[in-house]
Amino acid sequence: MSAAAPAGTETAGEDEMTARFEALVGAGEAVEPRDWMPDGYRRMVLRQLAQHAHSEIIGMQPEGAWLTRAPSLHRKSVLLAKVQDEAGHGLYLYSAAETLGVDRADLLDALHEGRQRASATFNHPALTWADTGTIAWLTDGAAVINQAPLCRTSYGPYARAMRRVCQEEAFHVRQGYDLMRALCEGTPAQKEMAQDAVNRWWLPAVALMFGPPDTEAGGADARTAAVGAAVSRRAMAWGIKRHTNDELRQRFVDSCVPQAERLGLSLPDPAIRWNEERGHHDFTPVDWDGYRRALGEDTHWARQRVAHRRAAHEDGAWVREAAAAHAARTPNTDGDDIPEARA
Amino acid sequence: MNTTTDPAANTTTDPAVSTTTDPGGLRLDPGLAVHLLRLGDDALVLGQRLCQWITRAPSIEEDLALSNIALDLIGQARVLLTRAGGLDGTGRDEDALAYARTDREFTNALLTELPNGDFAATVARQLAYTHYAVAYYEALGGCPDPELAAFGQRAAKEVAFHRLHADTWTERLGLGTPESTRRMQRGLDLVWPYTAELFDEDDVVRALAAAGTIPSPAPLRPLWERSTTEVITRAGLTVPTPAWQARGGRTGLHTEEFASLVAELQSVNRQFPGGTW
Numbered sequence: 174m175s176a177a178a179p180a181g182t183e184t185a186g187e188d189e190m191t192a193r194f195e196a197l198v199g200a201g202e203a204v205e206p207r208d209w210m211p212d213g214y215r216r217m218v219l220r221q222l223a224q225h226a227h228s229e230i231i232g233m234q235p236e237g238a239w240l241t242r243a244p245s246l247h248r249k250s251v252l253l254a255k256v257q258d259e260a261g262h263g264l265y266l267y268s269a270a271e272t273l274g275v276d277r278a279d280l281l282d283a284l285h286e287g288r289q290r291a292s293a294t295f296n297h298p299a300l301t302w303a304d305t306g307t308i309a310w311l312t313d314g315a316a317v318i319n320q321a322p323l324c325r326t327s328y329g330p331y332a333r334a335m336r337r338v339c340q341e342e343a344f345h346v347r348q349g350y351d352l353m354r355a356l357c358e359g360t361p362a363q364k365e366m367a368q369d370a371v372n373r374w375w376l377p378a379v380a381l382m383f384g385p386p387d388t389e390a391g392g393a394d395a396r397t398a399a400v401g402a403a404v405s406r407r408a409m410a411w412g413i414k415r416h417t418n419d420e421l422r423q424r425f426v427d428s429c430v431p432q433a434e435r436l437g438l439s440l441p442d443p444a445i446r447w448n449e450e451r452g453h454h455d456f457t458p459v460d461w462d463g464y465r466r467a468l469g470e471d472t473h474w475a476r477q478r479v480a481h482r483r484a485a486h487e488d489g490a491w492v493r494e495a496a497a498a499h500a501a502r503t504p505n506t507d508g509d510d511i512p513e514a515r516a
Numbered sequence: 121m122n123t124t125t126d127p128a129a130n131t132t133t134d135p136a137v138s139t140t141t142d143p144g145g146l147r148l149d150p151g152l153a154v155h156l157l158r159l160g161d162d163a164l165v166l167g168q169r170l171c172q173w174i175t176r177a178p179s180i181e182e183d184l185a186l187s188n189i190a191l192d193l194i195g196q197a198r199v200l201l202t203r204a205g206g207l208d209g210t211g212r213d214e215d216a217l218a219y220a221r222t223d224r225e226f227t228n229a230l231l232t233e234l235p236n237g238d239f240a241a242t243v244a245r246q247l248a249y250t251h252y253a254v255a256y257y258e259a260l261g262g263c264p265d266p267e268l269a270a271f272g273q274r275a276a277k278e279v280a281f282h283r284l285h286a287d288t289w290t291e292r293l294g295l296g297t298p299e300s301t302r303r304m305q306r307g308l309d310l311v312w313p314y315t316a317e318l319f320d321e322d323d324v325v326r327a328l329a330a331a332g333t334i335p336s337p338a339p340l341r342p343l344w345e346r347s348t349t350e351v352i353t354r355a356g357l358t359v360p361t362p363a364w365q366a367r368g369g370r371t372g373l374h375t376e377e378f379a380s381l382v383a384e385l386q387s388v389n390r391q392f393p394g395g396t397w
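Residue numbers (our numbering), protein chains in the order written: chain A, 174 to 516; chain B, 121 to 397.
Calculated from the structure, these hints are not laboratory results.
Computed from a prediction, not measured in an experiment: that's the story for all the values here.
We put the CB at the ideal spot given by N, CA and C, even for glycine.
Treat the hints with caution; some may be incorrect.
[As the list claims (entries may be wrong)] Rough simulated footprint, nothing fancy, chain B against chain A, three-plus residues with beta-carbon under 8 Å:
id: 1; region: 246 to 258
id: 2; region: 371 to 381
[To be verified] So the derived list for chain A, only partly shown, Cβ under 10 Å to chain B, looks like this:
id: 3; residue: R277
id: 4; residue: T360
id: 5; residue: T397
id: 6; residue: A399
id: 7; residue: H486
Looking at chain B on its own, in the form it has when it is part of the complex (with noise of 0.2 Å):
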């Protein structure tokens, strides 16, 4: 994981995004499979944040709420997974890519795999991501290949449901008790640094968004402001101006917590090798 100031700083992956077929006569895309690998894990690793709250939520209707918003996560995680393994000519499946690679092959941004801390950290993490993956995959849904612009257009409707659930939350505690209005505003100034990530291009996805391929999500990040502080704002709390932005996971450069979040997700699997589940 790197620190940095500047917001222009990228990363320098491959820009392998050239078109080609591969013998089988599938259609390959190196540079959209590292992107949907990248979509896809920012969903599977906040889907198995999500996971460590079953059973330990402030009511049963959060239980209930947050393993329905994880169910969906790792739903689209599994689309997303298995697009990118078939177009990067490996042919790895859904769960190769989840349960074969190292935590240091991961690509999700750093704001998804942040430790939950409290539950007001969880719904400032949640508002974030939401208010991006909307407007992110109601962007996709306009692409021009079908099945990825269904995809867009069925994960947006789903992620609208958990911003609602992230807006509804975010106002109710900013504007409950003394007590959870610090800690909302704790929760907010301790993921903003995190957010600037989700909106970073790099040459893989500015090539992409130049052929039309996908959009790309830098230009949205004003949109995302304006709703995020909408929300803050109606629920008494401050905006966070964060002086610096974290940034690594798109290049598998992690938090130090995110290899045992990996451990443990592969635990089972690995255990049994050639095992079919």
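Bound conformation, chain A alone (with noise of 0.2 Å):
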């Protein structure tokens, strides 16, 4: 929208600056980082693409324990082409966010300090190889179709770094798909251990990666339905957000439940059906406040994968200290290729 940026803008108002920032949005022009934008805005679209990046590389973790076991050179190599991939997006996202005036090096020590978090899916275990396929499956399942409309979303270097995220994911789901066929069409004992996998999994991505319900659709009671609704409405006034969690959410029920019958799988939730009155499937609404307590932060799970994240930054903050120097030293470099130089 920059060429809609009006001369005399240091004489407009706030009131005035934000109807005229509305109106871009709302016309579907995208805001870049010289733009004005309310503070508001770039609040959330901050908070969210930190907690994007965030995920992505403390999602490096519940796979990246298994490259080392993979059963097949072949699997070895997609499951290394894949965790690669999450380092890439993390870096995408946190070079989105700096756009915004933050440093990588402050957004991590908000995540390893606990200011900031990743996606609360990521604090479950993955306990066995079943589990790389299940979460590259239905959990980057779920991201596809949760982002694939931030390609649009309304900042424009999010959404730019959105449309090559959104084209790798939607690999990874189909190479978790493949896994797990290969599972399912493997012995006994390798289809147990894929439907074991996805009875763990299902809830998480469900629940975990569309976010709180923001309609009382989705099984919220009408007081949590609304306060929901309340922050989805303000992203979707921005052009942050495109649908409501909860649209997203049926989306993927509705995308899942033919591709398990393939595969032979169940997914655990009973209340599964099609409903051909709504021409959707049915399912269990999320127990939100259950889910909540049993997955508070102070979970096991939850503290190891920011241990983890912090152990290796403190592991590497000599190796940094040394690279930040040497650039320094050197001419012709002024350390900005330095990554999180700030150790």
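Take each chain as given, in its own frame, and dock them per the hints.
Structural data, given as structure tokens:
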């Protein structure tokens, strides 16, 4: 929207600026880093970008733990490529966040100190090899549905990062499905491992990848739904979000049911059935209060994920310090190429 | 693992290098199979060690770089193991070789199995290996077997990037802070006694090289010494002159830590007998 930035911006009042901003976003124009934006918008985009970036790098852990144990060299290569993609996504997204005037090192500090969080999805343990396939199929599948609309999100750098992320995520889903198909076509013990993983990852995918309910359709009580709806409305008005959490959740369930049938796996929700009238699958509403309690930040895995990140960061501090010191002494570099330079 | 100060000490592998044809019409060459299995095990085991770094690297960029390098190494291992299985008459595929052998049957050089240590030790191991591997794969690129030559050329290009990564970090750490200088020097000192084995010749290699089938790594050692010395000197560090050199990996005599590396590598595969992946 830079072309539309009015001359004499300095003299325009805050309300007028906000009105112009909202009109431009409403017209589907992209917001670029140098454009004026309301503080609330900047905070909301930054919060979402940071959480998304953190989720990519924390999300490397459950699958990364299986790299050394992948049961064939083909699967080891595929998993390496996937975990590598996730590191890349983290980098795109931290870079997009940096266009809002923050520093990656500060965002990582916030993650390590618990001031910012990654998606709670990854606070579940990956207990078997089949978990790697299930994570790729279900949680990356959920991510694709959740993130596809973000390719058109109003903040330009975020939208551009997401176009690359989504292409790669879609590939991960296919790889995950392929891994699960191999297990389901294998020995009974392999299929049992696949079903066990799906039983454990279905709820995290349905619940956590889409966030709390923001309509009563999500099964929340009226008050919870109203709170969610208010947040979603604001994000949608600013073009940060394009759909409610519950719309996207429904889309996910509808896409998974036939895939699970083809695999011969059951989804662990006896209420799933086709509803002719709605043209969608019914499913059990998430018991948010119960789930939140079970998943409190104080769980073993929530702590473990952050502790693992923090340990890597602290162990690597001397390396980053060395790189920064070397770059500062080397002609033609100013240290800008050294990431997380402040150890 | 045996330790010796005699650089001429060599292995006693059966020099069965005659080329025959199996009943299925496939060309067999047990000697070449032995050699390619060694190269494949080097790549597989080093790749496995690098996998242990992922999510633990000093920066996200390094998680990315190390996983990229590991991916190349596993890719090279797959080609080499597949070829070795086809040449030795057993018909074993890449996974049969990676997952169904005991640790005593692996023939990687000890260097590639050394535990990661700190980032400097890993960089030192990468420095030693990549300078050797680029030189060897470039030489292999000129061998008469077109498939193997093409592989050598491709692998040399891939490992040249890994070498650049190792060179760059050796220099950054060597010239970084007092702590990084100390750690980088310690990494080199730790790794250097395991480098001579990369260039060893035994009867198998000598016979293959004499027949012109593959190049021997032995003549590449002076080139390797020059190129690593150049990097280490540029990094302000001292080239180690170890009083002893460890050998044994090529004949299946490994470090104690190697058994757990192999156990981890094979654990899921072995838990599901008859499994397909």
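Hint check results:
1. 246 to 258: The restraint on the region 246 to 258 of chain A holds, since 9 of its residues have a Cβ under 8 Å from chain B and three suffice.
2. 371 to 381: violated (count 0)
3. R277: holds (8 Å)
4. T360: At 5 Å from the nearest chain B Cβ, T360 of chain A passes the 10 Å test, so the hint holds.
5. T397: violated (35 Å)
6. A399: violated (39 Å)
7. H486: Result: holds, 8 Å to nearest chain B Cβ.
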